[in-house]
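Q: With chain S fixed as given, assemble chain H onto it according to the hints.
Chains S and H, in that order, give the protein sequences. Under my numbering, the first residue of the first sequence carries the number 1, and numbering increases by one thereafter. Under my numbering, the first residue of the second sequence carries the number 376, and numbering increases by one thereafter.
It is worth saying that the hints were derived from the structure and are not from the lab. Hints should not be assumed to be uniformly reliable.
[Said to hold, decoys possible] Okay, the calculated beta carbon distance ranges per label pair:
{"#": "1", "chain 1": "H", "residue 1": "636", "chain 2": "S", "residue 2": "11", "range": "52 to 62 Å"}
{"#": "2", "chain 1": "S", "residue 1": "71", "chain 2": "H", "residue 2": "539", "range": "29 to 39 Å"}
{"#": "3", "chain 1": "H", "residue 1": "782", "chain 2": "S", "residue 2": "329", "range": "19 to 29 Å"}
Owing to the predicted nature of the structure, the values given are computational and were not obtained by experimental measurement. Backbone N, C-alpha and C fix where the C-beta goes; we use that ideal spot for every residue, glycine too.
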Amino acid sequence: MTLLKTLIGMLALVMVVLVNTIVVMWCERKWMGHMQSRQGPMRTGFHGALQPFADALKLLGKEDLVPAGADRILYLIAPIIAFTPSILVYAATPWVAAFTGASFDVGIFMVFAIAALFPVGILVAGWSSHNKYSLIGGFRAAAQQISYEVPMILAVLGVVMLAGSMGLQQIVEAQAGVWNVITQPFAFILFFVGMLAELNRTPFDMPEAESELVAGFNTEYSSMRFALFFVAEYMNVFTWSLLTVLLFLGGWSGPLLPGIVWLFLKTYLLVFVIIWVRATFPRVRVDQLMEIGWKLLLPAALLNVLITAVGIVTNLVVLSVLEFAAAAALVWLVSRLGKHAGDRVREAAVERHAPPRTRAAEATVASTETEGATA
Amino acid sequence: MRTVEAAAERIAPVFEQLAGVADRCILGPGEIPCARTSPEDLIDVIRTLRDQRGFTHLTLLTAEELQPPKPADGEQTEAAPPASPAGAREQLPQTGLDMIYGLTRAADGTTIIVRVALEDGSLAVPTLSHIWAGAEQLEREVYDLFGVHFDGHPNLRRIVLRDDFVGHPLRKAFDTNGGVSSEAVVEAVKSPGDAPFEETRRPNSPSEEARLAGDPVLHSERLVLNMGPQHPSMHGVLHLWLALDGEQVMASEPTHGYLHRCIEKLCESLNYKACTALLDRSDYVSGFHTELAHILALEELMGIESTPKADYLRVMLGELVRITSHHTWFAAAGLDTGALTPFLYAFIDREKILDFFEAITGARMMFNYFRPGGVKADMPAGLAEEMKAYLKTFDKQVDECESLLTGNEIFRARTRGVGLLSPQAVIDHCVTGPMARASGIDIDLRRDEPYAAYDRIPVNVATAMVGDTFDRYTVRVAEMRESARIALAALEGMPEGPCVNPDVPRAIKPPPGAAYRRVESPRGELGVYLVSDGSAQPWRLKVRSPAFSNLHSAPTLLNGGRIGDVVAVLGSVDVVMGEIDR
Chain S
1 MTLLKTLIGM
11 LALVMVVLVN
21 TIVVMWCERK
31 WMGHMQSRQG
41 PMRTGFHGAL
51 QPFADALKLL
61 GKEDLVPAGA
71 DRILYLIAPI
81 IAFTPSILVY
91 AATPWVAAFT
101 GASFDVGIFM
111 VFAIAALFPV
121 GILVAGWSSH
131 NKYSLIGGFR
141 AAAQQISYEV
151 PMILAVLGVV
161 MLAGSMGLQQ
171 IVEAQAGVWN
181 VITQPFAFIL
191 FFVGMLAELN
201 RTPFDMPEAE
211 SELVAGFNTE
221 YSSMRFALFF
231 VAEYMNVFTW
241 SLLTVLLFLG
251 GWSGPLLPGI
261 VWLFLKTYLL
271 VFVIIWVRAT
281 FPRVRVDQLM
291 EIGWKLLLPA
301 ALLNVLITAV
311 GIVTNLVVLS
321 VLEFAAAAAL
331 VWLVSRLGKH
341 AGDRVREAAV
351 ERHAPPRTRA
361 AEATVASTET
371 EGATA
Chain H
376 MRTVEAAAER
386 IAPVFEQLAG
396 VADRCILGPG
406 EIPCARTSPE
416 DLIDVIRTLR
426 DQRGFTHLTL
436 LTAEELQPPK
446 PADGEQTEAA
456 PPASPAGARE
466 QLPQTGLDMI
476 YGLTRAADGT
486 TIIVRVALED
496 GSLAVPTLSH
506 IWAGAEQLER
516 EVYDLFGVHF
526 DGHPNLRRIV
536 LRDDFVGHPL
546 RKAFDTNGGV
556 SSEAVVEAVK
566 SPGDAPFEET
576 RRPNSPSEEA
586 RLAGDPVLHS
596 ERLVLNMGPQ
606 HPSMHGVLHL
616 WLALDGEQVM
626 ASEPTHGYLH
636 RCIEKLCESL
646 NYKACTALLD
656 RSDYVSGFHT
666 ELAHILALEE
676 LMGIESTPKA
686 DYLRVMLGEL
696 VRITSHHTWF
706 AAAGLDTGAL
716 TPFLYAFIDR
726 EKILDFFEAI
736 TGARMMFNYF
746 RPGGVKADMP
756 AGLAEEMKAY
766 LKTFDKQVDE
776 CESLLTGNEI
786 FRARTRGVGL
796 LSPQAVIDHC
806 VTGPMARASG
816 IDIDLRRDEP
826 YAAYDRIPVN
836 VATAMVGDTF
846 DRYTVRVAEM
856 RESARIALAA
866 LEGMPEGPCV
876 NPDVPRAIKP
886 PPGAAYRRVE
896 SPRGELGVYL
906 VSDGSAQPWR
916 LKVRSPAFSN
926 LHSAPTLLNG
936 GRIGDVVAVL
946 GSVDVVMGEI
956 DR
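The shape of chain H in the complex, shown without the other chains:
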């Protein structure tokens, strides 16, 4: 409770300063402070928070449709608690959209949510893309899925849905059964005068336009190369638009959406436990982290706690899955630079950990293991000893993998000084995770905002100074070793007791309200913003995807490099398309 008071004390001066432009509101039962403002005052509020109060990190940018007024009687009101959240909600306008902005102060890990109520009908809000470059793509996603217009946005196009899609699917009014007929789509694609793809893409800025024009002296042209979505090193279905001058990259833009499975929309029609299973498919390389963020938000909404043993299990599995995710990255990092063997070395090591997952959860990748209040089942007897023995020799495995790349002259020449990301660019592009740490930004939610059992297990955060491809490599390799150490500590310190809190009701119907919880996934800050309307399905579930923002910093890294750098640098970004497209 002391920490809650301390947090309230920390945030009080912020609201004092915001008085006049924003009101304090209550988000949900959690302790995240929330400020409500209008579209006119949004820029003022954001600038005040960012420039004067140190909230430099944009963690969340999404929208939420407001819930219709509740019927005065019936089951819904019975389920709704008499606590303040419901009261706060009643004060809000009862129709239309709210924009949700989440800002974090790196220094003390304080997060503040800014809600902007949009006038019904206009759905316009000023863009933040001139404050954070990374907001540009986040806003495009909101435009795509909600139809919010961002005034002054340089490039407001759809981002995950195809360009000729009609409607905005995350609106509750969207007709999921009707929509557009497939014939209409075929006709739209066929229609004469349709420019080929590479011409429909508009340059982002005048300077980019100039670079794309070719060299007036040599009369050379730019070669536009659409790398992907079918390409061996595009990590699934990423599509990179590249404008080349010979081997040199003049401009680039990642295009994605090929793996968009409407996870957020689907979650709105599933019960909370089913969402856990679906969220495994979001970041399929490290399923536990998306599950965990969802479960943490759900527990916060329901006001329940998980058991100490479950906390330790969550930490251990989260760290092990981080190792397997980094194994996958390591394999790809080798392949992308043309080395074949690291791939196999890393995958042999990964297999063993997947076997552990299979023994514990029954699945190797799609776990569906975390539950509100705990985990699905205890570990099998005797497995802990086997895992301890494995983790104690883990460093040797990393040494063996490292011996293939770290000291290799060619690998060093390919990665050192290539794909530089400055600390400022990290902030601007909302980059998190190992990528941010490699650029000298020392953020790690496991330490800054401890969840599960991280308050009981110390975490050494690996950082580097330069922020090139090689630094991202070294940071991740160091994280693999550290993760093994944490997993071992969690195994050794694991208390006895039940794996799931017996107080959790059978029917999961959290009271109305919202919660935003974040975990440190292998790619960075993974958050779930969960809104409940009191029913058994979430009203809104937003996954804050770290790889999304990391990927959209790629043009900064790629422009000016060579084709060979593109794959090497992209490998070091460690994108998982499932999580980016959702």
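If we strip away everything but chain S, and leave its shape as in the complex, we get:
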């Protein structure tokens, strides 16, 4: 009986997650369409609501190709390696107070540990495809995810310090008075940026980078194996938005409406922001990505731990003020770095180049020459 209950629970959970993944896919296509002055899918169902299903059907009908020279076994299991952790994360994720996954004491730690498996799938896919673009994409994914997990985990450390627990349920309950986004805005920004990198989303969509690497690690994949990567990515978008809500936005707490509604409202708000970012920003370069991760986010995350510690020994108001100041400083610094990027190279170039050849200057040279020759 218990086994049956567990099985039904698991099935229900997977269904909920998959339905949300489909909704996220549709949201991206519609919202991004409207941001770009177009309509997005309109033909399949009401405002293209059935588009994800049509896509899935189309992909199912495609031939499952394995390129010649690929490492066959690795190539075939790579999508599964990438997909599994995306759904396994939910083992430890609470939805509302009454409906949670297994209540680990180390919930958030568990989530990070499982999520860290996702890039392994990408790396394996890139390595086994026997394609140079895939290989570069896979390497980029590995390097990127390792670099961004560190500041992300350190950013969450502040939240854990405030809650005094790593259990996600306890973290949400600890935000009953004031949400972590108020007391930890600095950590929130760091976490969100790290999350974009973790999700391979613009501006950190290095592993796919379609204008550079065709399709990156999944260049060679077709049919359902491609669909698995695709679904895993959108599932991750939903998962990490949900986790951000749990960690920083008070989880299911909110007035009037039931908790589950609040949870989904907040989650889709974050999904919207992620899509908005994609419609707005270009992509950073791979070396800049590394610099941002190691030289900017990592020290900032360490600073955040320090600030949180100061906040805990004094009071939450001090913490909030310090955190907002640090967040503002980070935004100012990034904006300054961006605006003045390449200044030194440009100045050096202007000095190195001969003084600009103006038309007037050349005309004088030419006319004196002509005169001299005529004379």
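A: For chain H alone, kept in the frame of chain S given last:
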């Protein structure tokens, strides 16, 4: 007439200095001075012109097969004018090839053509690739299509045709119907011992060879990546050969020819008006400019003038098509750096202008609108007011597009200080257009060599100092605004009158001679070198492609950068493969 005399006066001392190594010859009815020399004296002549007379800019490098002697009687002689060009032509050797070099002095816009008569049989001429690096690829094209051998050329391979092609198609003797059978080609490709592509490509220089060898200490290897011709950001069918050390580009070489449609060869069998339609397909993003260069050269050969109204229409359409071309570039610049939205913003704005083109010419891209002596038809009534209203609000559209990229921190970090092109490299690689202006070389044919109505409409030329990807971006954005201003001025100043000169004969048979006319296309200096033999088809039609030379400066920009830079920098070069391959 005064300007003609002034030009003759300017060029006289040049010929004085060249006396002994080159003779003055007459190219055609136009006023372009021409010097004739021999392969032995070529380097002397070119060095004198370049180093002492300021002709630093190589604008044209091509070959022309000499016309066979005319029959003494018949229609041909009747059509030939008694003027000097025919006389000059008679003095030339009657068989073999002439190499044609066009050099420009940026200061006063003087162009001089140097003709080199090749001995029949040997077809050898010294290379200029050590004087202008950009000549290397231009010479490869002449080798490919004419079979001229360039002594001392570092890398004389085919450039637009495939490596196993037999024959040189622009020679008149080339058998266009026979050629090589497809079975023979398949066999040649299949033959055992054929090295894979990446091994057949020879390094260009010893230093490059060393860089390709890998790191002896780390025992690392170079990763050779053939980017394209099927690749989302290769602007059609460009193929970039990249040697990578991890993410870093150690060596690169653009390979093209995948879109070679033999336009120049085809033109030799089409009448002059049909050439106009075909030349639209050369630079398909800004068809008016190739059309215009062809028509200007044709008008010069025929000695006819276009009507004032047609001049203004030509200017207006040329500027509008420049805007649409820059829209396309802007869209690609966004996509290449990973931003999706600028693409759609730019294309929405572009649509409106294409609608105007459709209303005026009947086509959105392949216009076939310019005619010798004018244009095909007048604008529809009432359209001018609509266009004026549109152009007056154009700046706002550019502002909106710019708001997505110009101030964006990531875009700035991706483009500033990336892909530097020094002013010297601009000269060396024969780079023109916005790319040259972004590096501080202030050249623009609309101002320096006014054609159509540009002598009546002032042009403000946008320049920048650094020559990086960001400067090329800002220069082009400024050009979009300026083009809208010029188009508006042309609309407002447009005189009444006929759209086509009534004196133009129905049969277009220009007298024998050659003309070289250039226009400022969105990519730079676009020239058409047109040779007539008195018949209804051109004897030779050469398109001087600005994107060709701009593209071949790419290795300078790319080497040392990252993979991500490759697409961003290439986007800022703004290549149109149709025009490069022709």
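Q: It remains to establish, for every hint, whether it holds in the given structure.
A: Evaluated hints:
no.: 1; hint: H:636 x S:11: 52 to 62 Å; result: holds (59 Å)
no.: 2; hint: S:71 x H:539: 29 to 39 Å; result: holds (34 Å)
no.: 3; hint: H:782 x S:329: 19 to 29 Å; result: holds (20 Å)
Of the numbered hints given earlier, the model fails none.
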